[in-house]
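Taken in order, these protein sequences are the chains called V and X.
For the first sequence, my numbering assigns the number 316 to the initial residue and increments by one for each residue that follows.
For the second sequence, my numbering assigns the number 465 to the initial residue and increments by one for each residue that follows.
Calculated directly from the structure, the hints in this document are not laboratory data.
Each residue gets a CB set at the ideal place from its N, CA and C atoms; glycine is no exception.
Each hint can be trusted.
Calculated cross-link-like contacts (lysine-lysine; reagent style DSS-like; alpha-carbon spacing at most 27 Å):
| id | chain 1 | residue 1 | chain 2 | residue 2 |
| --- | --- | --- | --- | --- |
| 1 | X | K480 | X | K674 |
| 2 | V | K446 | V | K464 |
| 3 | X | K674 | X | K653 |
| 4 | X | K526 | X | K489 |
| 5 | X | K619 | V | K464 |
| 6 | V | K446 | X | K619 |
What follows is a list of derived Cβ distance ranges for each label pair:
| id | chain 1 | residue 1 | chain 2 | residue 2 | range |
| --- | --- | --- | --- | --- | --- |
| 7 | V | G327 | X | R697 | 55 to 63 Å |
| 8 | X | K489 | V | E356 | 52 to 60 Å |
| 9 | X | S633 | V | D463 | 19 to 27 Å |
| 10 | X | L610 | V | M420 | 21 to 29 Å |
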Amino acid sequence: MTAPDALLEARGLAKSYGGRMACAGVSLAIREGEVLAVVGESGSGKSTLLNMLAGRLAPDAGEVHYRMRDGVMRDMARLSEAERRVLMRTDWGFVHQDAAQGLRMNVSAGGNIGERLMAIGGRHYGDIRAKAATWLTRVEIGVDRIDDKPTAYSGGMRQRLQIARNLVTSPRLVFMDEPTGGLDVSVQARLLDLIRGLSADLGLAVILVTHDLAVARLLSHRILVMKGGAVIETGLTDRVLDDPQAPYTQLLVSSVLAA
Amino acid sequence: MTDNPYNFAYLDEQTKRMIRRAILKAVAIPGYQVPFASREMPMPYGWGTGGVQVTAAILGPKDVLKVIDQGADDTTNAVSIRAFFAKTAGVQTTTATAEATIIQTRHRIPEAPLGEDQVLVYQVPIPEPLRFLEPRETETRTMHALSEYGLMHVKLYEDIARFGHIATSYAYPVEVAGRYVMDPSPIPKFDNPKMDDCPALQLFGAGREKRIYAIPPHTRVVSLDFDDHPFERNRFSQPCALCGAGDSYLDEVVTDDRGGRLFVCSDTDYCEGRREAGHRGHQPGGPERKEAAE
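Kindly generate the complete structure, drawing on both the sequences and the hints.
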C-alpha cells in the first residue's frame with residue numbers, strides 16, 4: 316500500500332485517551348501539492364489525527380513517514396528532536412484555529428513573519444523586513460500594518476498573518492486545523508480564496524481538518540470522512556460529496572443546510 | 465577568630481562545596497546555566513543573594529573583597545555586603561579595583577581593566593535571556609540544548625522596528641564561546657565588550673532563580689546583532705563633570721528641582737583615582753548647592 320510518490324504517509328495510527336478510543340487504525344497518504352480534507356463531526360478524532368500526523372502528539376500505535384527534501388522517506392518517530400524541530404519550522408507549517416496559539420501576540424506582524432527566517436539563520440534586518448512586507452502583501456494585509464501587533468488585528472487578519480508566518484520558509488506541507496472556524500461568512504470566503512490561491516501557486520500539500528463540507532469542497536482534492544475515530548469513506552472530493560457511499564456520509568451530506 | 469559565631473563566610477562547608485561544584489561545571493560549559501540548591505540568605509531576594517553565595521563559596525581568608533552596586537562602592541547594597549563578609553569571614557575589604565582579588569558587582573563592570581588574579585562575581589536577577597519571549601522553562605531549556613536562538617533576534621528585530629535602532633541598552637544578550645546565548649545580567653551594553661577575552665574569571669549567580677553560570681578567562685563573548693544593524697556601544701555627549709573622563713560610563717545625577725543635572729562616572733573608584741591623579745572635569749566641585757542633597 317506504499318504510494319511511491321507519497322509526501323507523507325501514515326499507517327495504522329491509533330490513540331486513546333484512557334479507555335476512550337479517539338483514533339483507531341487510520342492510514343492515509345498525501346502527495347506533493349495535494350489538498351486532503353479530513354471531515355467529520357465533533358469528537359470524531361479529526362484533530363487527534365492531525366496532531367499525530369504533525370508530530371504534536373505521540374500515537375499509541377502506528378507510524379508516520381515523511382519524504383524529506385533529499386527524497387528519503389523517514390520515520391518521524393525515529394527523527395531526533397533537533398531534526399523534528401527543524402522540519403517543523405522549515406518544511407512544515409501548522410495553522411491553528413485560534414490564531415493566538417499560532418502567533419506571538421506581543422510581537423509585531425513583521426517579527427511574527429520574520430521569526431522563522433531568523434530561526435534558520437537570517438541575520439540581515441533589511442532582508443527580513445522586505446520579506447515580511449512581501450508576505451503581508453501576499454496575504455492581503457497592508458504593509459503599513461507591519462509594525463502593529465496581532466492584538467490590533469481583526470480575526471480574519473490574524474488568520475492571514477498566521478498563514479504568512481508559516482509560508483515564509485516555503486514549506487511543502489501545511490497542516491490546518493479549522494482555519495476558517497469562528498470567522499464570519501464574508502471573511503471566510505476571502506480566506507478560503509487566499510488559501511486556495513496560495514496552495515495552487517506554491518504547490519503546497521495541505522492536510523485540512525474541517526467540519527464544514529463547503530470548505531472541504533472548495534479547497535480539497537481528496538476527502539477523508541471520519542466517525543468515532545475511524546475512517547469510513549475516502550475518495551475524490553467531488554465523488555464523495557456528490558455520490559456518498561457510506562450511510563454516515565450520506566447523512567452528513569444531506570444534513571448541510573442549503574443557503 | 466574564636467569569638468566569631470559564624471562559620472567562615474556564613475555558609476556551612478557542605479553548602480559551599482555544593483556551590484563550588486556548580487561553579488566548576490559552569491566554568492567547564494561557558495554560558496550554560498547550572499542549577500544549584502540556592503540557600504536562604506540573610507537578605508531579601510533581589511539584593512544579591514546569588515552573588516553573595518558565589519562569593520561565599522570562593523572566598524578565602526587571604527582574599528581582598530570589593531563590592532560595587534551600579535559602579536559605586538558607597539551605596540547601601542555594596543556597603544552591607546562588604547560589611548557582611550567583613551563580619552562573617554573577617555576578610556580584608558577595599559574599594560580599589562586593582563587591589564581586590566574578588567569583586568562582587570551589581571549591574572556594572574569596573575572601568576579599570578581586570579587581571580588574571582581577579583574574579584568578578586555578578587548578581588543576576590533573571591538568568592534566562594529568552595524568558596521575556598518564551599515563558600516556559602521546558603521550552604527555553606530545549607532551545608538552549610538545540611542552539612535555537614532565532615527568538616533572541618526577534619527581540620532585537622522588534623527594537624529596530626519600533627525605535628529604528630537596537631534600543632536594548634542593558635542585559636544585552638551575548639553568545640559565549642560560540643555556543644550558549646547568555647544574559648550578562650543588567651549591566652549596560654557599554655560594558656559588553658569588556659567581557660570578551662577578559663583575563664579575569666567571571667561568575668554569575670542568580671539566587672532566586674537558582675542558577676550559576678560563568679565565563680572562563682580569555683573566552684570569546686560576542687554581542688548579538690544584525691549584519692545591517694551592528695552592535696554599538698553607547699556613547700556620551702559629554703565627559704564626566706568631576707574627573708573629565710571621556711571613556712567611562714556616566715550616571716545622570718539630578719542636582720536640584722530646576723532641571724539642574726550632572727553627568728558623573730558611575731564607577732566611583734575610577735573617578736576618585738583620576739581626580740587624585742590631577743584630572744579635573746568642568747565642575748570638579750560637584751553640584752553647587754550641596755546641602756540640597758540632604
